[in-house]
Every structure is written in structure tokens, then in C-alpha cells.
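Given the coordinates of chain A, assemble chain B with the ligand onto it according to the supplied hints.
Note that the protein sequences, when read in sequence, are chains A and B. In terms of the numbering used here, the first sequence opens at residue 1 and continues consecutively. In terms of the numbering used here, the second sequence opens at residue 1 and continues consecutively.
Do not rely on the hints blindly, as some may be mistaken.
Keeping only pairs whose Cα atoms sit at most 35 Å apart, straight-line, the calculated DSBU-like set for lysine-lysine is [stated by the list, open to error]: (1) A:K96 / B:K28; (2) B:K150 / A:K99; (3) A:K195 / B:K149; (4) B:K95 / B:K114; (5) A:K195 / A:K80; (6) A:K121 / A:K80; (7) A:K99 / B:K95; (8) A:K96 / B:K83; (9) B:K28 / B:K52; (10) B:K52 / A:K96; (11) B:K136 / B:K245; (12) B:K208 / A:K80; (13) B:K95 / A:K96; (14) B:K149 / B:K245; (15) A:K192 / B:K95; (16) B:K199 / A:K195; (17) A:K80 / B:K114; (18) B:K136 / B:K149; (19) B:K150 / B:K245; (20) B:K95 / B:K10; (21) A:K96 / B:K93.
If you are wondering where the hints come from, they were derived from the structure by calculation, not from laboratory data.
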Amino acid sequence: MKKNCALLSSIGQKLLIATSGLVMFILFLIPHMGGNILFLFGPDIFNSYAMHLHQMMPVVIGLRVLMLASITIHMAMTIKMSISNVQARGTRLSQKPSKERSLAARLMPLSGGMIFLFIVKHLLDFTISPPAVQMIEIDGYMAKDVYGMVYTQFQDPVQVIIYLLFMVAVGFHLSHALQSAVQTFGWYVPRKHSKIKLISMWVAIGMASTFAIIPVSALIYFHY
Amino acid sequence: MSDTINISLKVWRQNQGEEGHFEVYQAKDIDTSASFLEMLDVVNEQLTLNGKEPIAFEDDCREGICGACGVLVNGTTHGSHEKTTLCQLHMRKFKNNEQIVIEPFRAHPFTVIKDLVVDRSGLDAIITEGGYVSVKTGNAPEASTTPIKKELAEAAMDAAECIGCGACVAACPNGSAMLFTAAKVSQYALLPQGHPERKQRVEGMVGKMDELGFGSCSNEYECAVACPKGIDVQNIARLNREFIKASFM
Ligand code: FES
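Bound-form chain B, shown alone:
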């Protein structure tokens, strides 16, 4: 048997192009084993029944792998700094009668589309600059033709864990996308398959990141704390190295 709690939600409501504001809603008898998004579903059902517009938020997989979800909950990205996405956060983390403040991810390039939904297409634009490798079309190559050290493969996999949710940007005091870009650059830079486009990739991605108005990194590491996938700042050091090599050597 799971418990139920009553909570009050202070949620950011905004239509695109208009000023936003917080609104307060009461949510009664919320099952503590519900996920945060399921709780929002319940609240939205009530809002709809009462003739009000439901709270817009993004989600897709609801199992922590797609990166679609993500808002600030009580001032914290994804509501937790324990490598948890919002969809994997459960209501048992909250107390009865607690007020929960929900705000969209904030950064200049993340304009609010509606309520909690922000435009994160800037991250896709960064990937487009070099998130690919040159391979010959045709049959898949024999798996063991390119030997790769285990540590490198693991580090590349760690970087590739990034789900592009944008929590790093929202947590960074400078609205920087360095951790995201670093993960994307690293996953290719570490593997021989990524080497043909190595130089264009880092220059293109960093150039795009700057062009879109993301801030710059001052090595405060808030991004790594916020990352639900535990992407490490080691990747940022690697990005810096890649950039120095590509641009100045």
C-alpha cells in the first residue's frame, strides 16, 4: 500500500510571446509511488475537468533515456541532483502539504514555448554541426577490424550517455552548453571512427554554441551536479583540448 499526500503546486504559466506568471494549484491525494510526471497528469486531468487549460510540459519515454522531460522543481533541475530525470523522480520525495515550485529550464536560448515547455532546438543545432561520422555505406564492417581500447570505449560510452535534456545549461550560472557540447565532441573524439571529422566537429559545435547565445564556461561545475546522467567535467577538459588542437596547432 502506498501513501497519498496533498501538495500545492506553484507552476509557471506562459503562452509564447506573452509574459509569464506563477499560478498555484492544489493537488489532493497524490499517490507517493506516482512519478512527478504522473502527478502532473493527475493535476492536468483536474484542470481539464474544471475547464482550465492543462499545464504544458514535455515528456516522451518516461524512463529516463530520451531527455524530453526536465523542469526546475524547487529550484533544482529535474527536482533532484541524484542522477535522476524528472520522469524518474517520485512523489515519495515530497512531504505532505509541501509547496512545490515548478519553473521551466531557464537560459536565453531556451525560449518558453508554453508553460514548462522550452525550445531546446539549439542543442540539436549543435549536434547537427558534427554529430556524425564518415562511414562507407554497405554492409556493416566486421566488428573487430578497428581495435579500440576498453577504457576508451568506456569513456566514449560514458560521454554518449548524455540525453540532451538541457539541465546543464539551466543549472549553469552562465547558461553555458559546454557540458553538453563536450559530451557530444568527446563521444566521437575518443573513438577512431570519429577522427576524420575531428577538427571540423569541435570548431563547428563550439561555433554554433556561441552563435546561438549560450554562455561560456567558468568551471563552476554546476552542470555536472545537475546532469541526470552523471556526465563528468572531464569531457569539458577534453573539449578544451580538442579546441586548442584544432584551432591553434
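Just chain A, with the same shape it has in the complex:
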């Protein structure tokens, strides 16, 4: 099979979905989470992090292009595959699913769709049309008070709840996605007592809750 045909075969498409997903996980989600944790250390550290990130614009733009490519591949392939899977399944009238399918696995299209909406909202909130931001001085440079911007956004409990809901979606999505990618790459993920499944679940819970810390702590814990 030619390489491009192989990539468009059913296994090839899954490899594309798994790879693009992992690229987003490793190059975007993990660093983003790392940055977010700095919010807990107060305005000085967080704003200085934001400023340094801003100074590395070429890298940031490179990553943005990579993310755009990954999410496009991820979504295009998933939508294509889901449509053909629904066709392949045919009409089933009496069939019952077993207990084997986790909730996370069943909710993949929903959690994936929610994550997409979330990304759009998140970009609108903080990147595309951020609220007016105060300028502050850090180490002799004028920089944006990103901490203040994030803090203000999360003084609204409705926003906090929306963000939390989306984090639940991220958690669910990751918990099936990680283990599924491992199996797709050819490492055996057993049905029962699988360490990979367990790790996948805990990484998902850990990441979703770490992301959730910011809106919650901004609302109820920190004062600025």
C-alpha cells in the first residue's frame, strides 16, 4: 500500500487522529497547564510568565500554526470516520451495549465537540477579543496585566461554571483518548486491570482538575 493510501485507510486515519491528538496534548495542553499553575503564585510571577511568553512570539506563532494543523486533522478525520462508522453500524433495533464501554468512550463525540466550542470561547475570551487590559511595569518593561484580566473574567460565577463544565469534557475526552491512542499505536492495552487505562484516567483527572483550579481559586480564594 502506498504511504498516502495507508494514511487514508481505517487504521491510517486512526493513526492521524491519535498523532494529532498527542501533538496537542504534549505541545499545548501540558505547557498550558504548567503556565496556568503559575497563576496560583500571584500576579507578579504570572504576569512575568505572560510577558516572557509574549517575547517569544515566533515560537508562539509556530505552535499556533501547529495546533491549527493538528486540530484540523483531528477534527476532519474524526468527523469523516464517525460518519462512515455510523453507516457501517447499520440500523440496530434491539442491541444493548455491554458494560465494557466506559462512559468516556461513549461520550467521545460529545466531549470532543464541547472541547472545540470551548477552544473557540477561550480564544474569544482571552486572545481574539480580550477585555481592555491595564498596562503594568515588569522589570522596566511595560506589559499587560494578564493576571488582572483572568481574575476579572472569573469574578462571574456563570463564567466559572461554564469553564468547569468544559474541564469535565476535557477530563472525559482525555481519559479515553490517551489509552486509545496507545492501543492504536500498537501497544497492547488490556481490557481488565490495565495500568495504561488507569494512568490515562488519572492523568485526565489530574489535568482537568489542575485547569479547574484557576477559575475556582480566582472566584473564591484570591483577591486582587
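For chain B with the ligand alone, kept in the frame of chain A given last:
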């Protein structure tokens, strides 16, 4: 002495090319030690006596080794998830006065031929793509000329247990034939005799599987639950590896 039960059957009836529908029949005094297929035989006898067309279903060995039987019973492939084929399922599993819903295996490539009989020739077409090994004709080779590790031989035998009944396809939420194809690829990939055609086999089988409109695997493992022979998803991981090696390395 075995007991008898009365059951009502809600069975899918369909002629090829026509719309199908469920019909309800009463089956009285069914021996609980009868197999599911024997129960259908009894019902069919009654239907025939009453001038009605018997329910079409497939079977052959009736001892769980050929893969000919298989329908959805109460929404479950082969009526049980306990590594049992339909022909090995017994009526003692059902309660008196229970209604049993019987539907054919569903998947787009499995078109209904009649009632509970579906066209599973797609699975044969996948095997045709590479379910063979190159051997010289003539006398059988000396058994110990090719040493094979016990674990490999056992894993290959486990994969070869697949009887090709199609329950994995019918149970998969995506109508995927990955477990079936994985078993067929694995039984050869694990043994040195299968290595000459290793690359063409995996590419051919996966290509055929896609061409026939089977879905793709989203690692939900319903297939392994449904498999009456306990074929494990380890084979799917192996199929993925074989495919990656053959196509990208
Ligand atoms: S009739 Fe052969 S396996 Fe059931």
C-alpha cells in the same frame, strides 16, 4: 428430568430486498435442556404445520466450532457474553413466560438475506486477501525443522480460535471487523511460516475490510466481550503494529 418453559418470541422476519419487521410467536413446553437452535427447530415445526413460513437461520456444526450460527438474542450477540455460541446456548438460561427478542446481526456489510440469515461473505473476502502461507508442495515437512517458541505457538492458536461468526462486527458500535481481521493477521504473523506474505497480508486484509464498508476501531472493546471464542484485543494491537510496520517502515 428437565423442565419445560413457555416463551414468546419476537423475531425479525424479512425477505431479501424487502422491509423487515418483528413478528411474535408463542412457543409452548420448550425443554430447558434444548439448545437455542433446537428451540427454533421446534418453533419452525409448528410454523410449518400451521402453513406458515419457518424462520430462516444459519447453523452447521451445532457444537460451537464452525461460526455459522449467530443472531442477537435480547440485544446480545449469541444471546450470551459468556464465550458461548448460539448453538451452545441452552433454554435453561431463560425464564418461564419470558419474551425473547431475536434480531439478525446488524452491520452495513451484513445485508439480510432472509430473516436471521445475513450475508457474512465479507469476512471470507478478507481472509481471501491473505489467509494462506507459501509452502512447497510435496511431502509434509519434518515437524521440528522450524522451531517455534511455545508462547508464540499458543498465541497463534488463540488467534486461530476465531470461527468467523461476525459477532465482533455486530457488537462493535462502529460495525468494525478489526477483531476478526486482527485474529486472522495474528495467527500468521506470529509464526515463521506466515512471514513471507506478512506485508501483503496485513495491507490486503485491511484494504479489503475498508473497501467492504466495515467501520473503524475506536478501542471500545465491545468486540472482545461479544466474541464466543474469547479472542483478545491484544490481536488488534498486533494488527496495528503489523500495519504500521508494513506501511510506514
Ligand atoms: S452452528 Fe457451528 S458454531 Fe454454532
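Now the hints, each set against the structure:
1. A:K96 / B:K28: Holds. A:K96 to B:K28 sits at ~27 Å (cutoff 35 Å).
2. B:K150 / A:K99: holds (34 Å)
3. A:K195 / B:K149: holds (27 Å)
4. B:K95 / B:K114: Roughly 28 Å separates the two Cα atoms, so the pair holds.
5. A:K195 / A:K80: At roughly 31 Å apart (the allowed maximum being 35 Å), A:K80 and A:K195 satisfy the hint.
6. A:K121 / A:K80: holds (24 Å)
7. A:K99 / B:K95: It holds: about 23 Å lies between the C-alpha atoms, which stays within 35 Å.
8. A:K96 / B:K83: holds (17 Å)
9. B:K28 / B:K52: holds (17 Å)
10. B:K52 / A:K96: At roughly 30 Å apart (the allowed maximum being 35 Å), A:K96 and B:K52 satisfy the hint.
11. B:K136 / B:K245: Distance ~27 Å between B:K136 and B:K245 Cα, so the pair holds.
12. B:K208 / A:K80: holds (19 Å)
13. B:K95 / A:K96: Answer holds: B:K95 to A:K96 is near 19 Å, not above 35 Å.
14. B:K149 / B:K245: holds (22 Å)
15. A:K192 / B:K95: Holds, because 31 Å separates the two Cα atoms, which is no more than 35 Å.
16. B:K199 / A:K195: holds (31 Å)
17. A:K80 / B:K114: Between A:K80 and B:K114 the Cα gap is close to 32 Å, so the pair holds against 35 Å.
18. B:K136 / B:K149: Holds, because 23 Å separates the two Cα atoms, which is no more than 35 Å.
19. B:K150 / B:K245: holds (24 Å)
20. B:K95 / B:K10: holds (15 Å)
21. A:K96 / B:K93: holds (18 Å)
Comparing the model with each earlier hint shows no violations; every hint is respected.
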